[in-house]
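Once you've looked at the hints, dock chains B, C, D and E against the given chain A.
Residue numbers (the working numbering), protein chains in the order written: chain A, 1 to 268; chain B, 1 to 268; chain C, 1 to 268; chain D, 1 to 268; chain E, 1 to 268.
Derived from the structure by calculation, the hints contain no laboratory data.
Ideal placement from N, C-alpha and C gives every residue a C-beta, glycine not left out.
Where hints are given, some of them may not hold.
[Unchecked claim] Some chain D residues judged to face chain E by a derived CB distance under 10 Å, without partners named:
| id | residue |
| --- | --- |
| 1 | Tyr-11 |
| 2 | Ser-128 |
| 3 | Ala-148 |
| 4 | Leu-163 |
| 5 | Lys-166 |
| 6 | Met-167 |
| 7 | Asn-169 |
| 8 | Glu-171 |
| 9 | Val-175 |
| 10 | Leu-184 |
| 11 | Asn-198 |
| 12 | Val-199 |
| 13 | Thr-212 |
| 14 | Pro-220 |
| 15 | Thr-222 |
| 16 | Thr-224 |
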Amino acid sequence: MKGWFGRSLRYKTPLEKIMPSGRAMILAYDQGFEHGPRDFKENPRSADPLEIIRIAKEGGFTGLVVHRGIAEKYKQEILKSEVPLILKLNGKSELYTGDDPYAPQLYAVEDVISLGATAVGYTVYTGSKYENEMNQEFARIVVEAHRAGLVAIGWMYPRGKSLRKKMLNDEDPTVVAYGARIGLELGADIVKVKYTGNVESFRWVVKCAHPTKVVMSGGPRTKTEEQFLAQVKEVMKAGAAGIAVGRNVWQREDPLEFSKKIREIIFK
Amino acid sequence: MKGWFGRSLRYKTPLEKIMPSGRAMILAYDQGFEHGPRDFKENPRSADPLEIIRIAKEGGFTGLVVHRGIAEKYKQEILKSEVPLILKLNGKSELYTGDDPYAPQLYAVEDVISLGATAVGYTVYTGSKYENEMNQEFARIVVEAHRAGLVAIGWMYPRGKSLRKKMLNDEDPTVVAYGARIGLELGADIVKVKYTGNVESFRWVVKCAHPTKVVMSGGPRTKTEEQFLAQVKEVMKAGAAGIAVGRNVWQREDPLEFSKKIREIIFK
Amino acid sequence: MKGWFGRSLRYKTPLEKIMPSGRAMILAYDQGFEHGPRDFKENPRSADPLEIIRIAKEGGFTGLVVHRGIAEKYKQEILKSEVPLILKLNGKSELYTGDDPYAPQLYAVEDVISLGATAVGYTVYTGSKYENEMNQEFARIVVEAHRAGLVAIGWMYPRGKSLRKKMLNDEDPTVVAYGARIGLELGADIVKVKYTGNVESFRWVVKCAHPTKVVMSGGPRTKTEEQFLAQVKEVMKAGAAGIAVGRNVWQREDPLEFSKKIREIIFK
Amino acid sequence: MKGWFGRSLRYKTPLEKIMPSGRAMILAYDQGFEHGPRDFKENPRSADPLEIIRIAKEGGFTGLVVHRGIAEKYKQEILKSEVPLILKLNGKSELYTGDDPYAPQLYAVEDVISLGATAVGYTVYTGSKYENEMNQEFARIVVEAHRAGLVAIGWMYPRGKSLRKKMLNDEDPTVVAYGARIGLELGADIVKVKYTGNVESFRWVVKCAHPTKVVMSGGPRTKTEEQFLAQVKEVMKAGAAGIAVGRNVWQREDPLEFSKKIREIIFK
Amino acid sequence: MKGWFGRSLRYKTPLEKIMPSGRAMILAYDQGFEHGPRDFKENPRSADPLEIIRIAKEGGFTGLVVHRGIAEKYKQEILKSEVPLILKLNGKSELYTGDDPYAPQLYAVEDVISLGATAVGYTVYTGSKYENEMNQEFARIVVEAHRAGLVAIGWMYPRGKSLRKKMLNDEDPTVVAYGARIGLELGADIVKVKYTGNVESFRWVVKCAHPTKVVMSGGPRTKTEEQFLAQVKEVMKAGAAGIAVGRNVWQREDPLEFSKKIREIIFK
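Chain A on its own, in the form it takes in the complex:
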């Protein structure tokens, strides 16, 4: 439906903004917190949030993930870019090596609304000793995000000592599917998960999370561009909604060109 002045009158829901035509291509930029500046060494311009906002905009991304500090300092630039803002609500540095992973919620949902967020994100390390704390925090975030009209995205990464004792690794289909399912049970709209390595097993992940949407986590930069693009093709074939990628884009020589290749797979 269009109004008399030719513009669509239809309001886009937050989920539609991040998933136009049902597909998502999200640029992740919380590595400065999680891994520190070492991730910027490959491409020193990537240390500058402005460069990333440019990539997000010109690369046609449907979402940009940052921490609150960056969102606040570049509020105007992000708004102007029109890339939907995804606020990562938890984080931890890699300097501390604890017994089991836990990244606590750092900001309240109400602290990010005024920054123009379209979505909030939170990592749940299912299987960690601190699983309970994370389930509680994410469950609460979902309630508050939906009340505020925001999309809730779960970084669902089962991990920790208990898994190692059970000889499970964090890319086992059973493990990835379990994490994705917890996302649904807690009410996530989108879950970000590791790739399981093949189409069939990833289809099971997608099925167990349904109707929650599944996006693949980009992970560290693959040796060749082709390796990464092949993964993207497979997850799309398995029924995923898209990907959330960081280093595989902004550590490359030409992030925009590579973004284009990804875009063509996801939105073809």
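Here is chains B, C, D and E on its own, set in the frame of chain A:
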């Protein structure tokens, strides 16, 4: 009393909805959280919440137990099914193997009222190192549920290291009766407990919980249908109000047919 | 002072209700929580709260101690009995064997006002590793109880590893007097303590708690009725205000007859 | 300035009430909590709060330290005595022997205002494993006390395992001065500290706390009266504002006579 | 822009007050809390807050860091000095030697607004076992400080066991840059960090924190004045905004003269 248009004017209390004619037959579907997708392998359609809502409706269940995420995503479908909604307020994954069981409260009672819940459920592992936390959470839930006009159901499962040291297992009559009694002391309207193995000892459980109602927990699928149906007959004979069952129904080849057999025992 | 219709116009304070003529005879019924159903085996009718309410009323008790669940389910019956209701606000099961005793507060003072409570009770295990938590909770309860016009009763039971290391047991006069004194310092109106074994030492306990009133804790059923009645006589001689008793009444063959014998000592 | 009826019109600040002419002589009576009734054995009348209120009044003390329970039960008597009331907000029993000292806040500042308190007191065991908790609680208390127009007094007692490891004891000048300084940094109006043993080192303590006032803690009863009086003289010479004393007064045969001797030193 | 009476009409933002012409020269005086009176031995006058306020004013500092107690007791003197007040919100003593560093938040942002604060400061020991608690507290402080119109300054000091295990020390460029970056991610306006030892590596620190401003932490007094001044020159060359210095100024014989030398480097 009936109004002039022939419909009963009498308001049904929430407890009457879940226990029409004083009997309860509840379909449990929180296993995706507690055990993960492995429970769906037996019958892959069971991964889909819509399939479970269909079984609850067509199988004549008087309650459906789900987590908040599923209740939110399928709010309309559950409302249309007219099966009373029971919101499970706590949960944990089986990926983490802690020192002693504890599944923390994930949602507030007020977070589930608008989803149309008739009841809330919570698991108390009496005897666990975290017994105190659970008693506190459940006591609070009962107060808030009753204030909001909801039924409070306790999953009363004594468990943990202390019991093992005392050579007690979680189906000992003493143990089951103690759990059921804590349910009454904390104000539960219904307690869900393990079967003690024979009618006489289960009658003691029912007596110790009185006037709180007792339903048997279904547990893992029994080898034969008869084994399960025999248990249902015994608990009903012992004075229980019914059962809460999951895998024993939706892991079977024909869940509806088996539901009918259970229904005939409980409501005969 | 009496009004024209012959009824006393004077309002009875909550403390006067529980201590008419300055003496208290309280029936304790929180054992279903603390010890579980095993305490009911002796006299199976004692599992039924209605039977206990009957004993409280017909036995002439000046207070009945129960947990919130029972108070809520039998609100009408307790009100009709006219026995002042004492809500026990904390509790723990004996299934868990922790490092040191702690029974956390389970209900807020405001959660029990509408149930018609005249008093609230709380156990402090002074000397336990969790002493601080209990002192904080009880101090808070006293403030809130007095604000709401309720009597605050402290179950003052010094206990735990630290005492064992110091070769102290929980009936040593030093220990009992210390517990009673903490009750005064925290503002309790009545403290319930163990008997020290002789009149003189119990007099010191009463003195150290003054002006807080002291009642003796009944404990497990004594072998003979005489043993228990002798204790009651001694504590009254030592200046105590009365007793709080459970098993020594409702585990006996004829609870009412035995109640009468106690009553005659306390109110003679 | 005096009004026409001859009474001073000038309002006395709470600090002036406790420190008339800039000097303080405070009677401490929280030992029933900290040490238990054993402290009353020396002089059994000291178990009775009324006796202590009498000593405070007739001995000319400028402050009386009690816990909330006693302040509440003897509210009228304390008000009539006109001795400024100092509410001790934290405490612990000596029955529990933990790894490191911590006495948690038991009452909120707002819980003691209506009891007529002029000041609130709190113990900080700097150097203890629980130093952080105590710093947080005391910092908060100072904010709230000042907002309510009350004086904030810090019992500054560095103590614990860390000190023992560093071969420091709690009367070392370095240690006492550090504790006193933390009192200033957190905003205490008065700090109560151990005596360092000589005038010169105590002068450094007074200097490091300035402009916060310093009073010496009385400690256990000294063998002779002279020993204690000599200490009082020295701390006054070092620039202290006075003392806070308990056992050294009310464990003596004639508390009033001894109080007079102290008074003459402090207010001479 | 100037008004008719010749005074600038332009309002100075809090950041402009602390960083006039984009440069900061901050006087730190929280050592009485962190190290205790031993830091005052070098120059005993430094124990007196008034002396420090005088140095701040006459030395031309653009900020003075104190704890709340001192800010409250010298509110008038600090206001009159016109040196912007920076409230340090957390602190710990060096008497306690814990497993890993953590200085908890002691005052709420709202507790310091009425004292006339222009900025608030908080130390984050990234890599410590308590990193999560500190990230949460500082993130919250940033939100509240900005809401109240205050500058948020992070003392970013990666430290703790995890770093030692990784053979990292707290002046490694990687470590300092990581700390500075966390400051940006959490929304700090200014970060105070250790010097990395050379211009090039410090430039990387400044780049990774951008657009958050970087000031060098003064640290313990250097042997010669020249050593310290050389460091200041280098950090300014690396693009830093200035320094925050304490002992290197007020432990010197002539603090004002040395302040002048620093000022000339920073504001030249």
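A quick look at each hint next to the structure:
1. Tyr-11: 20 Å, violated
2. Ser-128: Status holds, d = 7 Å.
3. Ala-148: Given a least distance of 14 Å, the restraint on Ala-148 of chain D is violated.
4. Leu-163: Holds, because the Cβ-Cβ distance from Leu-163 of chain D to chain E comes to roughly 6 Å (cut-off 10 Å).
5. Lys-166: 8 Å, holds
6. Met-167: 12 Å, violated
7. Asn-169: 12 Å, violated
8. Glu-171: 14 Å, violated
9. Val-175: 7 Å, holds
10. Leu-184: 5 Å, holds
11. Asn-198: 17 Å, violated
12. Val-199: 17 Å, violated
13. Thr-212: 8 Å, holds
14. Pro-220: Violated: closest Cβ of chain E sits about 24 Å from Pro-220 of chain D, beyond 10 Å.
15. Thr-222: 27 Å, violated
16. Thr-224: Not OK, violated: Thr-224 of chain D not within 10 Å of chain E, min 33 Å.
Of the numbered hints stated above, those contradicted by the structure are hints 1, 3, 6, 7, 8, 11, 12, 14, 15 and 16, listed in ascending order.
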